[in-house]
Structure formats: C-alpha cells, structure tokens
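Chemist: Sequence:
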Amino acid sequence: IGDCALSGSPPTAQVAAQQGKHIGRALRDGIDSPFKYNHMGSLICLGSNNGMAQFPDSGKFNVWDAIGASNLGANANDQRGLTGLPAFVIWRSTYWTKLLSTSSRLSLASDWVKAKLNGRDVVEPVLKRAATLKAPVESFGTELKRNNTIRLVKNVGAIATDPVAAANDGEKKKKRFWLF
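All residue numbers for the sequence shown refer to the working numbering, where the first residue is 465 and numbers rise by one.
Everything labelled a hint here was simulated from the structure, so no lab data went into it.
Treat the hints with care, as some may be off.
As the list claims (entries may be wrong) - With a cut-off of at most 25 Å between alpha-carbon atoms, the simulated BS3-like pairs for lysine-lysine come out as follows:
| id | residue 1 | residue 2 |
| --- | --- | --- |
| 1 | Lys578 | Lys485 |
| 2 | Lys578 | Lys562 |
| 3 | Lys500 | Lys562 |
| 4 | Lys485 | Lys500 |
| 5 | Lys562 | Lys580 |
Claimed, not checked - DEER-style ranges, computed between Cβ atoms:
| id | residue 1 | residue 2 | range |
| --- | --- | --- | --- |
| 6 | His486 | Asn514 | 14 to 20 Å |
| 7 | Gly488 | Leu510 | 32 to 38 Å |
| 8 | Pro474 | Ser568 | 23 to 29 Å |
| 9 | Gln478 | Leu510 | 15 to 21 Å |
| 10 | Tyr559 | Asn502 | 18 to 24 Å |
| 11 | Asp575 | Asp496 | 18 to 24 Å |
| 12 | Lys580 | Ile495 | 25 to 31 Å |
| 13 | Gly494 | Ala579 | 45 to 51 Å |
| 14 | Ala579 | Ile495 | 41 to 47 Å |
| 15 | Arg569 | Asp496 | 32 to 38 Å |
| 16 | Ala579 | Ala481 | 38 to 44 Å |
| 17 | Ile495 | Pro474 | 31 to 37 Å |
| 18 | Thr561 | Leu510 | 33 to 39 Å |
Think of the CB as a built atom: it goes at the ideal place given N, C-alpha and C, for glycine as much as any other residue.
Work the whole structure out from these sequences, hints included.
Modeler: Right, here's the structure in full:
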C-alpha cells in the first residue's frame, strides 16, 4: 500500500483515496485484509466546458442510458464513455465535492464564477494577431542565416538622387521591408 508501492494498481488519486480508507478501517477495526482496488471510472477536464468521462458498465440499470445523450457509447472494455459538457459538469462537481471545507468550496466556486465572467487571469499568446515577418531563429541542427532586409532598410536614403522620388521610394521600401 502506498503511491510508490508495487501493487499493480494505477498511481492515481482514486487508488490513494481507497488505500487510505482501507488502512484507516484496518487500524480502527484491527482487521488485516488485503487491499482490493475498485475502479470507479476516469474523469478529465479538457477546458472550455469540455471533458471526458469513462465509467464501468455494471450491466444493471445505467443512469447514462436514461439521459439518452447522443455522445454516449460503450467501448471494448465494458465501460461507458461520456464527452463534452456533461462530462465537464461531472468532473467539476466531483472535484468540488472532494474538497474538505466549506470555505474551500466557496472560494473555488467564486473563482470559477470570476473566471467565467472575466476570463482567465493568465498570460496567453494572442492567437488573432496578424502575421508578421520574423527574423530566422537558430534551432537545433540548423544554421542561423543573415537577414539582408535590415541592410536594405538602412540604405534606402542613399539610393535615390531626386528628393521627392527618394521620399516616395523610401516609404515604399520601408513598408516593403518593415520587420516589426
């Protein structure tokens, strides 16, 4: 028993919780029985109101059959799968019920509401940015090539002789070879 023990059970929180209950009952009752893992299913949060759930199929009445969701189906391991928003709601409610104190539950609920209303408070890359020219970057195994556009932009004023043509030509070249 333990998360580093060679037990044949997966190293998950579900196994650790069942082992903790088993040890607590064994110490309380003085009974020395071997631990037997009972798989209750798997849940994963994929973000953006999306998740996946997998539950053992007991062959008896199944609540997942009763709701009639189109994204339900059996797989080869006698388990039921659920995806999308219903799985996300199950994951969130399970996560919320596993918290120990009311203050933790209220704090988490307020964090979820704030994140829903204001968006996540993290730094993320801007995905809707317009494409820009980028200087070549050295990566493992490739050479760094010199970018000639920097020299062209610096020498724009020295090429033209007519000041008006130089200004117009210089603006065109600056726009054409602008790096940022």
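Chemist: Taking the earlier hints as the rules, which of them does this structure contradict?
Modeler: Violated: hints 1, 6, 11, 12, 16, 17, 18.
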